[in-house]
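Spelled out from the first residue to the last, the chains are:
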Amino acid sequence: MPERLFRALEVVAGDLGLQKGYDRFMDNTLTGKVPFWLDPKKRAIIFQVVVFAMVGVLAYYLVSNTLLNLKKQSIATGFSFLHKESAFEIGESLISYSAASSYGRALIVGALNTLKVAFIGVVFTIILGTIVGVARLSSNWLVSKLAAIYIEVMQDIPVLLQLFFWYAIFYETLPSPRQALCPVNGLYLCNRGVAFTIPETHPAHKYMVLALLVGCGVVYLLRRWARKRQETTGKVFPVFRVSIGLIIGLPLVTWLAFGTPMKMDIPKLVGFNFKGGMTVSPEFIALLLGLILYTAAFVAEVVRAGIQSVSKGQREAAMSIGLRPPFVLNLVILPQALRVIIPPLTSQMLNLTKNSSLAVAIGYPDFVSVANTTINQTGQAVEGVALIMTVYLIFSLSTSAFMNWYNKRVALVER
Amino acid sequence: MKLFKLCAVAMVAAALVATSGVAAAGTLQEVRERGVLIVGVNGGVFGFSMPDKKGVWKGLDVDTAKAIAAAVFGDANKVKFVALTAVQRLPALQSKEIDVLCRNTTQTLTRETVNGLNFCHVNYYDGQGFMVPKKLGVKSAKELEGATVCVLPGTTTEMNAADFFRKNRMQWKPVVIEQTPELSKAFFAGRCDCLTSDASQLASHRSVALNPDDYVLLPEIISKEPLAPVVRHGDDQWYDIVNWTVMALIEAEERGITSKTVDKMLKSKDPQVQRFLGVTPGMGKALGLDEKWAYNIIKQVGNYGEIFERNVGLDTPLKLERGLNDLWTRGGLMYSAAFR
Numbered sequence: 000m001p002e003r004l005f006r007a008l009e010v011v012a013g014d015l016g017l018q019k020g021y022d023r024f025m026d027n028t029l030t031g032k033v034p035f036w037l038d039p040k041k042r043a044i045i046f047q048v049v050v051f052a053m054v055g056v057l058a059y060y061l062v063s064n065t066l067l068n069l070k071k072q073s074i075a076t077g078f079s080f081l082h083k084e085s086a087f088e089i090g091e092s093l094i095s096y097s098a099a100s101s102y103g104r105a106l107i108v109g110a111l112n113t114l115k116v117a118f119i120g121v122v123f124t125i126i127l128g129t130i131v132g133v134a135r136l137s138s139n140w141l142v143s144k145l146a147a148i149y150i151e152v153m154q155d156i157p158v159l160l161q162l163f164f165w166y167a168i169f170y171e172t173l174p175s176p177r178q179a180l181c182p183v184n185g186l187y188l189c190n191r192g193v194a195f196t197i198p199e200t201h202p203a204h205k206y207m208v209l210a211l212l213v214g215c216g217v218v219y220l221l222r223r224w225a226r227k228r229q230e231t232t233g234k235v236f237p238v239f240r241v242s243i244g245l246i247i248g249l250p251l252v253t254w255l256a257f258g259t260p261m262k263m264d265i266p267k268l269v270g271f272n273f274k275g276g277m278t279v280s281p282e283f284i285a286l287l288l289g290l291i292l293y294t295a296a297f298v299a300e301v302v303r304a305g306i307q308s309v310s311k312g313q314r315e316a317a318m319s320i321g322l323r324p325p326f327v328l329n330l331v332i333l334p335q336a337l338r339v340i341i342p343p344l345t346s347q348m349l350n351l352t353k354n355s356s357l358a359v360a361i362g363y364p365d366f367v368s369v370a371n372t373t374i375n376q377t378g379q380a381v382e383g384v385a386l387i388m389t390v391y392l393i394f395s396l397s398t399s400a401f402m403n404w405y406n407k408r409v410a411l412v413e414r
Numbered sequence: 000m001k002l003f004k005l006c007a008v009a010m011v012a013a014a015l016v017a018t019s020g021v022a023a024a025g026t027l028q029e030v031r032e033r034g035v036l037i038v039g040v041n042g043g044v045f046g047f048s049m050p051d052k053k054g055v056w057k058g059l060d061v062d063t064a065k066a067i068a069a070a071v072f073g074d075a076n077k078v079k080f081v082a083l084t085a086v087q088r089l090p091a092l093q094s095k096e097i098d099v100l101c102r103n104t105t106q107t108l109t110r111e112t113v114n115g116l117n118f119c120h121v122n123y124y125d126g127q128g129f130m131v132p133k134k135l136g137v138k139s140a141k142e143l144e145g146a147t148v149c150v151l152p153g154t155t156t157e158m159n160a161a162d163f164f165r166k167n168r169m170q171w172k173p174v175v176i177e178q179t180p181e182l183s184k185a186f187f188a189g190r191c192d193c194l195t196s197d198a199s200q201l202a203s204h205r206s207v208a209l210n211p212d213d214y215v216l217l218p219e220i221i222s223k224e225p226l227a228p229v230v231r232h233g234d235d236q237w238y239d240i241v242n243w244t245v246m247a248l249i250e251a252e253e254r255g256i257t258s259k260t261v262d263k264m265l266k267s268k269d270p271q272v273q274r275f276l277g278v279t280p281g282m283g284k285a286l287g288l289d290e291k292w293a294y295n296i297i298k299q300v301g302n303y304g305e306i307f308e309r310n311v312g313l314d315t316p317l318k319l320e321r322g323l324n325d326l327w328t329r330g331g332l333m334y335s336a337a338f339r
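Residue numbers (numbering that gives the first Met the number 0), protein chains in the order written: chain A, 0 to 414; chain B, 0 to 339.
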């Protein structure tokens with residue numbers, strides 16, 4: 000094809016009396032002396048420089064124009080407000096915070112609250128989504144239809160309405176703290192949230208966490224060793240049972256070694272609210288519930304699609320060579336299904352994180368909520384919105400970086 | 000629904016970014032060319048700004064806005080109201096989405112300086128209070144140790160409450176919901192022990208509760224809240240117009256000019272009244288308005304006393320006393336500068 004094209008070009012060039020010029024061009028090409036505008040590599044670099052410069056000029060124009068406009072309206076600019084005293088209180092916080100802390104710290108509190116709801120949300124969404132997705136494929140008519148109804152209903156109701164619904168359910172149906180429901184001793188349900196008993200802080204807890212981490216480390220090494228042994232000798236080691244034993248056993252032994260500290264921190268009604276134990280706010284529960292139930296419907300569809308993408312023949316082939324069902328799932332079905340599941344699953348995880356900004360509507364102090372208040376108190380909308388965008392960008396990029404790494408790990412390796 | 004705040008604030012920021020650097024015409028000219036005044040209001044506070052059952056906007060802030068329209072166009076109905084949350088209101092004004100903000104906004108030093116805004120004459124002197132359910136048995140705000148408090152974000156209220164609890168060394172837990180109706184729903188459903196806001200707003204919330212008598216206002220008023228219309232820095236003519244519109248309302252009450260008597264007053268022999276109503280020209284021209292501007296305001300909207308009684312006075316569900324908002328001649332703070 001190219002030859003034919005060249006010949007056609009030669010003919011056309013000859014007709015136009017360009018033969019000489021064309022010959023010179025061909026000579027130059029053969030000797031390597033090409034004018035830079037005809038060299039695709041150099042041309043690409045030039046284009047990139049030009050585009051980059053244009054973007055730079057545009058950015059400069061936007062920034063300088065914004066600064067000018069702000070100055071004309073005598074609105075403060077810059078990020079120095081981050082060090083100023085915030086003077087507002089935040090309902091719940093993972094780190095110590097008071098109205099005397101700085102705006103910067105308030106924003107960190109907001110970011111951590113967003114991470115908290117996003118992390119817990121993602122974990123439960125994947126669990127629930129997988130269960131529903133598998134149920135959707137169940138041969139049991141009732142189970143599969145129930146899963147289908149769940150998926151259809153949850154997908155079709157805007158998540159904001161779901162949040163309002165769960166929040167209203169919480170404060171409308173549950174009683175006030177003084178008449179709190181107490182289904183089990185030490186667990187209280189009221190319109191201020193769920194208060195439950197936790198073990199009183201004891202030095203043993205630190206060591207139990209340490210033991211758990213050590214357990215996880217040992218399990219990782221054990222798995223590597225077991226796989227290597229199986230590859231070389233063919234002997235199978237019961238990794239799963241030993242792992243469970245290590246992960247549960249090590250902290251348990253530590254706990255026993257410290258003389259089984261049993262003291263509990265039980266929530267008690269003091270004044271207006273419960274003190275002691277741990278209280279989870281209605282805003283957090285409503286947000287978490289809304290996000291999980293909504294996103295799980297999408298994840299269920301992703302999981303179903305992933306499983307259905309593995310052709311029936313694969314399973315039959317695996318069975319026919321005598322693999323037992325767990326191995327069929329682990330070695331044949333899952334590796335192929337995950338390849339299909341992970342990319343859309345990543346986008347659902349990002350969706351959940353981004354949707355968590357709807358927290359503003361029901362009063363959970365997430366990052367957007369705190370940033371909005373900051374914008375309002377300081378009047379610096381441009382900086383505030385820039386911060387919001389940067390923080391969500393960082394959350395999203397790190398999530399997808401992690402998922403891409405995982406995707407690469409589970410991708411099929413062709414030998 | 001304008002609920003996705005991130006989006007809204009981002010749009011505002013984008014507007015700030017994109018607004019052309021070329022010096023714009025004055026606000027008055029823009030408003031005249033558009034033919035309608037765009038005013039930011041609360042939209043959820045009965046007595047101040049809220050649409051009634053027929054969708055007609057009613058309230059003290061609404062009437063203030065109508066007075067501005069009457070001054071500018073000679074027609075009090077040429078107003079478009081935009082409901083804004085506390086968080087949205089200042090950026091909306093800064094980015095020129097609205098011409099003036101009449102949304103029970105407290106005049107503060109920071110807002111006038113770093114936020115680039117100017118507050119005109121106060122149209123309601125308020126103070127922050129606390130409302131609790133009667134059955135809680137609380138008699139004073141000092142007894143609120145450990146309480147959960149419902150509060151609007153992005154308000155002076157939020158910061159005053161933080162200051163109050165800090166000063167009295169009390170623990171508290173804020174529940175911060177941006178939409179006023181959602182917040183009041185949460186409070187009346189018992190999500191919070193206490194609702195804090197400007198006293199007038201508390202009265203307004205209570206008046207729309209299912210059982211208004213089940214709630215009490217605590218005696219403490221913890222702050223000064225001078226609520227005033229707001230305009231942008233840098234347009235002195237527009238500032239003058241809004242400022243003197245509010246003062247005209249007060250001046251008219253002081254001179255005993257009402258919507259009913261204003262026509263008769265045109266024939267008054269009092270030179271001050273003649274100047275005020277434009278019978279003797281000069282005031283209107285100085286502001287860049289029609290000479291009949293004050294006449295139009297009073298004829299179509301009424302004086303400050305009429306507006307107050309109609310929207311929040313003793314015959315309304317809010318039952319607010321004039322108090323600080325009475326004329327200076329009767330011991331209040333309403334005092335207009337001289338019309339000459």
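Bear in mind the hints are in silico, worked out from the structure with no lab data behind them. Keep in mind that the hints are not guaranteed to be accurate.
[Claimed, not checked] Simulated crosslink set (DSS-like; lysine-lysine; CA at most 27 Å straight-line):
| hint | chain 1 | residue 1 | chain 2 | residue 2 |
| --- | --- | --- | --- | --- |
| 1 | B | Lys166 | A | Lys274 |
| 2 | B | Lys57 | B | Lys95 |
| 3 | B | Lys172 | B | Lys138 |
| 4 | B | Lys138 | A | Lys71 |
| 5 | A | Lys274 | B | Lys184 |
Remember, it's a predicted structure, so these values are computed and weren't measured experimentally.
* To do: Taking the numbered hints from earlier one at a time, note which ones the structure violates and give those numbers from smallest to largest.
  => Result: hint 4 breaks, nothing else.
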